[in-house]
Amino acid sequence: MSRLLIGSLAVLGIAFGLVLQPGPTRAHHGWSWTTGGNIDLVGIIKAARLGNPHGILEVDVEGEVWTVEVGQPWRNERAGLKDGDLKEGVEIRAVGEPAADPSEKRLKAERLYLGEREFILYPGRD
Amino acid sequence: MEAALAALEGTALAEMLRVSRWGYAAVNGAHILGIALLIGAIVPLNLRFLGLWPDVPRDSLVRVLVPVAATGLAIAVTAGFILFSVRAREYSGIGVLQAKLAFVTVGLLSALALHRAHGFLLESASDRVLVRHAAVSLICWIGAATCGRLIAFVGD
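So the sequence lines, in the order shown, correspond to chains A and B.
Sequential numbering from 1 applies to the first sequence in this note's numbering.
Sequential numbering from 127 applies to the second sequence in this note's numbering.
Please keep in mind that the hints were generated in silico from the structure rather than gathered at the bench.
Mixed in with the good hints there might be a few duds.
[As the list claims (entries may be wrong)] Label-pair restraints from in silico Cβ distances:
#1 A/D101 - B/V203: 29 to 39 Å
#2 A/R93 - B/M127: 31 to 41 Å
#3 A/G30 - B/V203: 25 to 35 Å
#4 A/K46 - B/R215: 17 to 27 Å
#5 A/E91 - B/T137: 50 to 60 Å
#6 B/L178 - A/V61: 23 to 33 Å
#7 B/V145 - A/G13: 38 to 48 Å
#8 A/A47 - B/S250: 19 to 29 Å
#9 B/T137 - A/E88: 44 to 54 Å
#10 A/W31 - B/R275: 16 to 26 Å
#11 A/G13 - B/R254: 23 to 33 Å
#12 A/G30 - B/M127: 28 to 38 Å
#13 A/H29 - B/V203: 15 to 25 Å
#14 B/V257 - A/Y122: 45 to 55 Å
[Claimed, not checked] Going by beta-carbon spacing under 10 Å, a handful of chain B positions derived as facing chain A:
#15 R144
#16 A151
#17 N154
#18 L209
#19 V212
#20 F279
[Said to hold, decoys possible] Residues of chain B clear of chain A, computed beta-carbon distances all greater than 10 Å:
#21 L131
#22 V145
#23 A162
#24 D185
#25 A251
#26 A278
Glycine is no exception: its CB is placed at the ideal position from the N, C-alpha and C atoms.
Pulled out of the complex, with its shape left as it was, chain B reads as follows (with noise of 0.2 Å):
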């Protein structure tokens, strides 16, 4: 694990990250805009799935959220695995980033299941079980966002 991490330190780029200064903000820059797209998208959808705005039709609502959620999951995932490796023995021993990567873990988890079994654009799901997957998916997202902003105040 530890020769993982160091190596993972040693690529070309965590190297070029670690002195780069506009480079750093830029990776940084990305995963908050990949967390505000994600964030942005799942809170109304899950809100919707758990009982408000019932007359906003729920298909037109999916088809815009889900591709935006996910689109701002992956920028997310992308440019934090690439923050990670700059200083990356470091981060793993942080308490409030690995709670993050296990609230991104079951998120992630359930979505895919989620979609696997309903569909994309979750055509077959029901009700209720989007109520269900909506808190789970609420206490995730909400969790790791917040376990993430915490990497820069929790000290030792």
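Okay, chain A solo, but in the shape it has when bound (with noise of 0.2 Å):
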């Protein structure tokens, strides 16, 4: 008994540790972490990592790195987007909620603008 139970409360020792330690930038999901207020950023792409289940883009705007979260490869298509428009060098500007921590520097895009064109991401939020 008791060493079985000394073993899974190392387990469970050992899991929490792993709880606690910082993790890698990650997508969220939902709004519940966002201000519920929109901002406008613009800037250029540094870098994108776009498909399942999230899609983040690196953007530079005036110097400060900021993560933006854009739809699944499903919603960016629906809101228009093609394969190549978001790319590294591109120039985007991004509409949406940014996270409640302004430290963050995450946004979760709602409106995407390349040039002229438009791309509605969540159509049903303002």
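Fit the two chains together into the complex; they arrive one by one in their own frames, and the hints show the way.
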């Protein structure tokens, strides 16, 4: 009894140690982590990582790197984006909700603009 | 390690799932179905081992719930591995995912050891052995499910 219990408690300890260690930059579900109000960002895409389950852009906004969360492939496609639209070096304007913690510099995009072209990722949101 | 994870991301299946809406949804759904079957079977089974419902015959419950739990685990692990392959390098660095894999590993090894010693339907296991195992099993599978769910919610 005791050996197994001590073993499983050790695993529990290790597990929670792992939980508390910082992880890499990742995407979020839903909108609960954002401010509820929109902001507007204009910058140059430094890196694009698209595909399920989340699409992520790193955007240089006047020297600050912002993480812009875009849609999954189906959402980007529905908005009219084509393969290659979101790539390094492209200037982009993103409108959406920033993380409630401003030091995160993270935006969940509702709409994107490439030049004059508008791409609405979340049609139901303002 | 990095090379193996990159190779995993480069498999045809992972590449397909990164862009496929319904393919990804299907594997995601299979993962949930597997978890539902596993947890739905293992929790009542362990509670019975711990002393709940003493008038329900142990052997009958084992005969139903062990195969269901095993099937659920097999589905969850297979679908989970495929989901992992979609973003292997990113996921491997996530603390809650590592914790979840620790729980799954201990839960799986302790189940294999138990069934190896006492048979698939645990014919030769004493009630005392099962109480001990049930405590470990509950911690592992509920811990695994909890940490798994947290992957979507724990940021950096």
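I'd like to know which numbered hints this structure contradicts. Please list them from smallest to largest. 5, 6, 8, 9, 22, 26
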